[in-house]
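Participant: Listed here are the chains, written in short residue letters.
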Amino acid sequence: MQLNFHNSYGPRIWVAIMYYDPAGCGAYGSWGTRGWWAIDYGATAYVLNTNNRYAYFYAEASNGAVWTGPYGPIYVTQSAFTSCLNIGQTNARIVGLREVYIASNNHTVNLTP
Amino acid sequence: MSDPGDPVDGVPNEEPVDRRWLLRTSGLLGVAAGAVAAGAAGAGAAAATPAPPAGAPEVPGAFGQPPSVHASHGVGPNSAGGTSSRVGPGIAAGPEVSAAAGARLAPSKTVIDTTPLAQRTTGGVHWSTEA
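Which chain is which? The protein sequence lines are E and W, in order.
Sequential numbering of the first sequence, starting at 6, is according to my numbering.
Sequential numbering of the second sequence, starting at 63, is according to my numbering.
Extracted from the complex, chain E is given alone in its bound form:
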């Protein structure tokens, strides 16, 4: 299943995700983390190919709007990162995530105003 994010919001948006990865992150919570995808208005980013129906994301727009929630939380770094749920870093910040249900083989989260 493919997970995409589409910017219908306006200002540029950066997206980070958490996805089920028992093979790569079995010792660190079984969930992998990855970011950042920059998405301009009207564009779509393909961020994940997974076999699991659930994933989680955090998004932040250049005007300060955030898409956040009670999941995780995860450590994110300013540079591009690929890590696991329970791996921390001294230069990281913590964000909470929203849940997304991947309803089909090609699901798009449409980030709207």
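Hints should not be assumed to be uniformly reliable.
What the hints assert, rightly or not - Taking CB as the label site, the calculated pair distances span:
| id | chain 1 | residue 1 | chain 2 | residue 2 | range |
| --- | --- | --- | --- | --- | --- |
| 1 | W | A162 | E | N68 | 32 to 38 Å |
| 2 | W | V121 | E | P27 | 21 to 27 Å |
| 3 | E | I92 | W | R182 | 17 to 23 Å |
| 4 | E | A28 | W | P128 | 29 to 35 Å |
Hints listed in this document are in silico derivations from the structure and should not be mistaken for laboratory results.
Don't be surprised by glycine CBs; every beta carbon is placed ideally from N, CA and C.
Chain E is fixed; fit chain W onto it per the hints.
Facilitator: Coordinates of chain W only, in the frame set by chain E:
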């Protein structure tokens, strides 16, 4: 022992005309049948071959930086016939409404900082989004 008699038309050991025609015809038919069989086998193989895996996801970059040159532009949220969900900004309170099977996390009870990253000052480093 008696010697074999001379060939009738003077061509030594030549097959009779009818037999030559049959051999050539059957040979042609065999080639044609082989080609058809090979084609059918190829078609069968193509039908049995699984669809190629989807392309790899796009490569992420740094927070605050512009999109990579590989990021797709102008693609609608449901252009490939899939599904989409509309999500406005803010703080989600709980899970998606779904009972589908799959690995899933419970909401954290930890108090989470919801301040935008670009507005946080911890560590003395500003995560700019003005690129």
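Participant: Could you tell me which of the numbered hints above are not met by this structure, giving the numbers in increasing order?
Facilitator: none
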